[in-house]
Amino acid sequence: MSATGEGGAMSSESVSQDKATGLSSAKREDIWALIIAGAVMLISIAAPEAVYDFFKKVLYIF
Amino acid sequence: MANLRSLIVPGWTKIIPGLVFCMVFAWIMMNIDHVLGKYHKADVASAAIPALEEKLADATASGNAGAVAPAEGKLAKQQKALDKVDGTAGDAWPVATLLYQKFQFKYVAMLLIGGILIRNLFGIPEFLKPGIAVARPIIKPGIIILGVHYVWSDVVRVGGTGMLLAAVFIFGTAIVVMWLSRKYGVSDGLGGIMGAGTGVCGVSAIIATAPVVGAKPRDMAYAIGTILLFGTAMLFIMPYLGQWLGISEPQFGAWSALAILNTAQLIAAAEWYGEEARNTAVLINAARIMLIPLIVVFAVWFYGIKGEGKNIGFWATMRAKFPIFILGFFALIILNSAGIAFLGGPKTAGTPLWAMDAVYKWFFAIGFAGIGLSISIEDMKKAGGTAFAIGSGAATVKMILGLIVVLLLGTELLRVGGG
Numbered sequence: 100m101s102a103t104g105e106g107g108a109m110s111s112e113s114v115s116q117d118k119a120t121g122l123s124s125a126k127r128e129d130i131w132a133l134i135i136a137g138a139v140m141l142i143s144i145a146a147p148e149a150v151y152d153f154f155k156k157v158l159y160i161f
Numbered sequence: 226m227a228n229l230r231s232l233i234v235p236g237w238t239k240i241i242p243g244l245v246f247c248m249v250f251a252w253i254m255m256n257i258d259h260v261l262g263k264y265h266k267a268d269v270a271s272a273a274i275p276a277l278e279e280k281l282a283d284a285t286a287s288g289n290a291g292a293v294a295p296a297e298g299k300l301a302k303q304q305k306a307l308d309k310v311d312g313t314a315g316d317a318w319p320v321a322t323l324l325y326q327k328f329q330f331k332y333v334a335m336l337l338i339g340g341i342l343i344r345n346l347f348g349i350p351e352f353l354k355p356g357i358a359v360a361r362p363i364i365k366p367g368i369i370i371l372g373v374h375y376v377w378s379d380v381v382r383v384g385g386t387g388m389l390l391a392a393v394f395i396f397g398t399a400i401v402v403m404w405l406s407r408k409y410g411v412s413d414g415l416g417g418i419m420g421a422g423t424g425v426c427g428v429s430a431i432i433a434t435a436p437v438v439g440a441k442p443r444d445m446a447y448a449i450g451t452i453l454l455f456g457t458a459m460l461f462i463m464p465y466l467g468q469w470l471g472i473s474e475p476q477f478g479a480w481s482a483l484a485i486l487n488t489a490q491l492i493a494a495a496e497w498y499g500e501e502a503r504n505t506a507v508l509i510n511a512a513r514i515m516l517i518p519l520i521v522v523f524a525v526w527f528y529g530i531k532g533e534g535k536n537i538g539f540w541a542t543m544r545a546k547f548p549i550f551i552l553g554f555f556a557l558i559i560l561n562s563a564g565i566a567f568l569g570g571p572k573t574a575g576t577p578l579w580a581m582d583a584v585y586k587w588f589f590a591i592g593f594a595g596i597g598l599s600i601s602i603e604d605m606k607k608a609g610g611t612a613f614a615i616g617s618g619a620a621t622v623k624m625i626l627g628l629i630v631v632l633l634l635g636t637e638l639l640r641v642g643g644g
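One line per chain: the protein sequences are A and B, in this order. Numbering-wise, the numbering used here comes out as the position in the first sequence, counting from 1, plus 99. Numbering-wise, the numbering used here comes out as the position in the second sequence, counting from 1, plus 225.
It is worth saying that the hints were derived from the structure and are not from the lab. Quick reminder that beta carbons are idealized off the backbone N, C-alpha and C, glycines included. Heads up, some of the hints might be wrong.
Said to hold, decoys possible - Derived EDC-like pairs: lysine to aspartate or glutamate, alpha-carbon spacing no greater than 16 angstroms straight-line:
id, chain 1, residue 1, chain 2, residue 2
1, B, K305, B, D316
2, B, K263, B, D308
3, B, K354, A, E148
4, B, K263, B, D311
5, B, K586, A, D152
6, B, K408, A, E148
7, B, K354, B, D604
8, B, K302, B, E278
9, B, K327, B, D311
Said to hold, decoys possible - Listed next, with one range per pair, are the computed distances between beta-carbon atoms:
id, chain 1, residue 1, chain 2, residue 2, range
10, A, I144, B, I233, 51 to 61 angstroms
11, A, E148, B, A301, 19 to 29 angstroms
12, B, L323, A, K155, 49 to 59 angstroms
13, A, I144, B, I462, 26 to 36 angstroms
14, B, E500, A, E148, 51 to 61 angstroms
What the hints assert, rightly or not - Here are some of the chain B residues that sit facing chain A, going by a computed Cβ distance under 8 angstroms:
id, residue
15, W377
16, F555
17, G635
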């Protein structure tokens, strides 16, 4: 993901930087979002109870 | 290989401190939200249990077997809420109810207000800023995962209605803003991005349209300042305005999807209002952001822009500007609708989709932390001039018209049933 994107200010420098890497910041964010969601899905298929417990119970310490 | 390399943000190590900061901030606020919610539920349960016990006793005494089982079920549910805080019937936690229900002081509000206070009262050290900027789009994987909440009938009914509304409002606003900007002597660059920004998804649309209409960095600062100022104001005003007007959650979701320009701010406002509001808002937003490439194509046509070495044809623009992450959202809707046994569903315990449903809120929380910590009063001061007056005026008119339309549509057409 990049330092640009929705929800906040960004600079013209970051746009030119994206031209240099060949992938726009929005596209990079989108691809990372797909990768992360895909990873969550794979882990959820492998161990649904563990994922549920971690995000619904373990992370809440009080 | 080059494409894979370009997935890595140059200087990615610099994002780690800020990202970790947002994760910790989100984690703390989610825990406070959890505790407040638990005590609020216990407070409600404590008040409800005596009446339920009385009802159960009456049903048992009168031999009404049909009423006994539901009363027992309700009583068990309330008792469970009370047990979670080791309370007994008669105990009271009015502060939790006041904060959580009356003031809607939930994780969304805590992260946004807390973030704004930290940013503007204490300041953010430079080494944290790159990571905070990266935290904002972490909402996107959350949106994809939220796809498990929908089935195709929702997409056709709510998404279809939303697409129609979004198209009318987006192009209506863009046309009016671009026309007024030209009429009052605002440059094509600033008028173009302001039209795209106030019409569709705020900052994303500004970024997508800026190179096409030749906007200068200062134009972008003005347009982004306007969008941020309007979006931030609406984010805090609309949930309270919605409550005051007494509009339903699905109606609020649709209204906010028409009025709040930025995806992250929209989801924050809708999540704040309630789960049903968020479900409707996310679906309409999915329909809305698919229109971003079309608004760029429209800007090209409106300003009569010629290629001059750049490929600005219809399909090239569609391919370059299409928000591909939304395909993941629709892929999960397809999987949820297909009824594949081993994937289960969001309400079927022990299944993959049920597990995924537990995750999305954490992505949202990190994103909201990023938004709150990014809202700088200094950035907002960059908004100004004729373009600001036109942009915010058009966005306000869109908000009012959007409210009238969702009130006329009613709740049921906008309600997401889920799967």
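Query raised in the report: CA of B:K586 to CA of A:D152, is that 16 angstroms or under?
Result: Since the Cα atoms of B:K586 and A:D152 sit roughly 14 angstroms apart, the hinted pair holds (cutoff 16 angstroms).
Query raised in the report: Can we keep the B:F555 interface hint, with Cβ of chain A closer than 8 angstroms?
Result: 12 angstroms, violated
Query raised in the report: Does the Cβ distance between A:E148 and B:A301 fall inside 19 to 29 angstroms?
Result: 23 angstroms, holds
Query raised in the report: Does the Cβ pair A:I144, B:I233 satisfy 51 to 61 angstroms?
Result: Roughly 27 angstroms apart at Cβ, these two residues miss the hinted range, so it is violated.
**Report entry** Distance restraint between B:K354 and A:E148, which requires alpha-carbon spacing of 16 angstroms or less
**Finding:** With Cα atoms ~36 angstroms apart, B:K354 and A:E148 exceed 16 angstroms; violated.
Query - Distance restraint evaluation - B:L323, A:K155, Cβ atoms, bounds 49 to 59 angstroms - result: Because 26 angstroms falls outside the window, the suggested range is violated.
Report task. With a cut-off of 8 angstroms on the beta carbons, see whether B:W377 makes it to chain A. Result -> Since the shortest Cβ distance to chain A is 19 angstroms, the answer is violated.
Query - Given hint A:E148 paired with B:K408 - CA-CA distance at most 16 angstroms - result: Judged against 16 angstroms, a Cα distance of about 61 angstroms means the pair is violated.
Report task. Starting from B:K354, check that the Cα of B:D604 is at most 16 angstroms away, please. Result -> Measuring from Cα to Cα gives roughly 14 angstroms; hence the hint holds.
Query raised in the report: Do the Cβ positions of B:E500 and A:E148 conform to the proposed distance bound of 51 to 61 angstroms?
Result: 23 angstroms, violated
Query - Outcome of range test on Cβ distance (A:I144, B:I462; 26 to 36 angstroms) - result: 42 angstroms, violated
Requested in this report: Assess, step by step, whether the Cα of B:K327 is no farther than 16 angstroms from the Cα of B:D311, and give holds or violated.
Outcome: It is violated: about 24 angstroms lies between the C-alpha atoms, which goes past 16 angstroms.
Checked against the numbered hints given earlier, the structure breaks hints 3, 6, 9, 10, 12, 13, 14, 15, 16 and 17 and satisfies all the rest.
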